[in-house]
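Student: Sequence:
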Amino acid sequence: MKHLKYIIPVFLTVIAGMLISCKQLKNSKYITIGMVDGWAEDVAMTHVAKAILDEQGYHVIIQKASTDMILASMNNEDTDLFMGVWLPYTHASKVNRFPDLKVLGTNYDAGRIGLVVPEYVPVNSVADLNRYKDRFNHRIIGIEKGAGLTTAADKAIRDYQLDYSQVNSSTIAMITELQNAIRQKQWMVVTGWQPHWMFGKMKLKFLKDPEKTFGDAEQIKTYSRKSFAKDHPELATFFSNMYYTDADMTDLLTRMEYSKDKERTAKLWVKNHPHLISSWLKKD
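Just so you know, the sequence shown maps onto residues 19 to 302 in the working numbering.
Hints were generated in silico from the structure; no laboratory data involved.
Where hints are given, some of them may not hold.
Pairs of lysine-lysine residues, derived as DSBU-like cross-links and limited to a Cα-Cα distance of at most 30 angstroms, are as follows [unchecked claim]:
(1) Lys-278 / Lys-163
(2) Lys-163 / Lys-230
(3) Lys-278 / Lys-221
(4) Lys-82 / Lys-112
(5) Lys-289 / Lys-278
(6) Lys-300 / Lys-120
(7) Lys-223 / Lys-151
(8) Lys-120 / Lys-47
(9) Lys-280 / Lys-120
(10) Lys-248 / Lys-120
(11) Lys-163 / Lys-120
(12) Lys-219 / Lys-203
(13) Lys-82 / Lys-120
(14) Lys-47 / Lys-300
(15) Lys-112 / Lys-248
(16) Lys-248 / Lys-47
(17) Lys-203 / Lys-221
(18) Lys-300 / Lys-244
(19) Lys-151 / Lys-219
(20) Lys-219 / Lys-173
(21) Lys-47 / Lys-112
(22) Lys-289 / Lys-301
(23) Lys-219 / Lys-280
(24) Lys-248 / Lys-285
Using C-beta positions, here's what the derived DEER-type ranges look like [what the hints assert, rightly or not]:
(25) Arg-176 / Ser-296: 43 to 53 angstroms
(26) Leu-286 / Arg-176: 38 to 48 angstroms
(27) Pro-117 / Lys-289: 36 to 46 angstroms
(28) Lys-289 / Ser-187: 32 to 42 angstroms
(29) Asp-279 / Leu-299: 22 to 32 angstroms
(30) Ala-128 / Met-87: 24 to 34 angstroms
(31) Val-121 / Thr-263: 15 to 25 angstroms
(32) Lys-248 / Ser-187: 37 to 47 angstroms
(33) Arg-282 / Thr-124: 21 to 31 angstroms
(34) Lys-82 / Pro-228: 33 to 43 angstroms
No experiment lies behind these values; they were computed from the predicted model shown.
The C-beta atom is built at its ideal place from N, Cα and C for all residues, glycine as well.
Between the sequences and the hints, there should be enough to build the whole structure, so can you do that?
Tutor: Here is the structure:
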């Protein structure tokens, strides 16, 4: 007991120092961006943002996790940003659970999700899938469980009363299985989205969605933790200005897909688009 009067003050001093350090870190040049690995557009935009901010003297840390984990981490003020929020449909229910998170800007406004087949498959609507269920082996090849697209595909099965089951694993596994099917001219239906490099590499088409289960065009937005704009007003402006046209996004995704070094490719892309990057960095 005699030593406690010395130990307790030291312990409290250490804890106080840790809290001060955390507060200083939030206001420092260290920026954490959540990223869903396997989401081509999120990976590409995140690496471009890192390349730009690195040049501006920031230290960007990319944290790979699921959408739910990233949003929860931002809500706890542990992660600064996430550049892959799809609205108004795909991620609406997820972001609605965290009303304190802030929208910084729209990165892209021609996003789309739905069911996708190779162009050679003579099916054009989700409503017609039951007629060909044996050709598709009663399967819809999906991505990760818990993804907004996965939830939407399950709803489509109910809305259209499809005699199908969704098979979930990962985005990479879905693409690999699709590529194998196309090489053998097999029938396959998968969950897909644009922007994505696979539409440039493979001849694919979205199935029509008369029930609008997958919604219309979506925007991809950057969200931040509640106090990020207060801590980093100059970066809030930067992310508010960041916007990709279809041409920008297609070019970036194509280059990133064939790259074995995402960081290097992002740096080269930034170097080759000086006017675009300057427009993002301008101060309002």
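Student: Take the hints in turn and mark each one as holding or not.
Tutor: Here is how each hint holds up against the structure:
no.	hint	verdict
1	Lys-278 / Lys-163	holds (27 angstroms)
2	Lys-163 / Lys-230	holds (22 angstroms)
3	Lys-278 / Lys-221	holds (24 angstroms)
4	Lys-82 / Lys-112	holds (18 angstroms)
5	Lys-289 / Lys-278	holds (18 angstroms)
6	Lys-300 / Lys-120	holds (21 angstroms)
7	Lys-223 / Lys-151	holds (18 angstroms)
8	Lys-120 / Lys-47	holds (20 angstroms)
9	Lys-280 / Lys-120	holds (28 angstroms)
10	Lys-248 / Lys-120	holds (11 angstroms)
11	Lys-163 / Lys-120	holds (26 angstroms)
12	Lys-219 / Lys-203	holds (16 angstroms)
13	Lys-82 / Lys-120	holds (20 angstroms)
14	Lys-47 / Lys-300	holds (19 angstroms)
15	Lys-112 / Lys-248	holds (24 angstroms)
16	Lys-248 / Lys-47	holds (14 angstroms)
17	Lys-203 / Lys-221	holds (12 angstroms)
18	Lys-300 / Lys-244	holds (23 angstroms)
19	Lys-151 / Lys-219	holds (26 angstroms)
20	Lys-219 / Lys-173	holds (28 angstroms)
21	Lys-47 / Lys-112	holds (29 angstroms)
22	Lys-289 / Lys-301	holds (20 angstroms)
23	Lys-219 / Lys-280	holds (18 angstroms)
24	Lys-248 / Lys-285	holds (28 angstroms)
25	Arg-176 / Ser-296: 43 to 53 angstroms	holds (48 angstroms)
26	Leu-286 / Arg-176: 38 to 48 angstroms	holds (45 angstroms)
27	Pro-117 / Lys-289: 36 to 46 angstroms	holds (39 angstroms)
28	Lys-289 / Ser-187: 32 to 42 angstroms	holds (37 angstroms)
29	Asp-279 / Leu-299: 22 to 32 angstroms	holds (24 angstroms)
30	Ala-128 / Met-87: 24 to 34 angstroms	holds (27 angstroms)
31	Val-121 / Thr-263: 15 to 25 angstroms	holds (20 angstroms)
32	Lys-248 / Ser-187: 37 to 47 angstroms	holds (41 angstroms)
33	Arg-282 / Thr-124: 21 to 31 angstroms	holds (28 angstroms)
34	Lys-82 / Pro-228: 33 to 43 angstroms	holds (37 angstroms)
Comparing the model with each numbered hint stated earlier shows that all of them hold.
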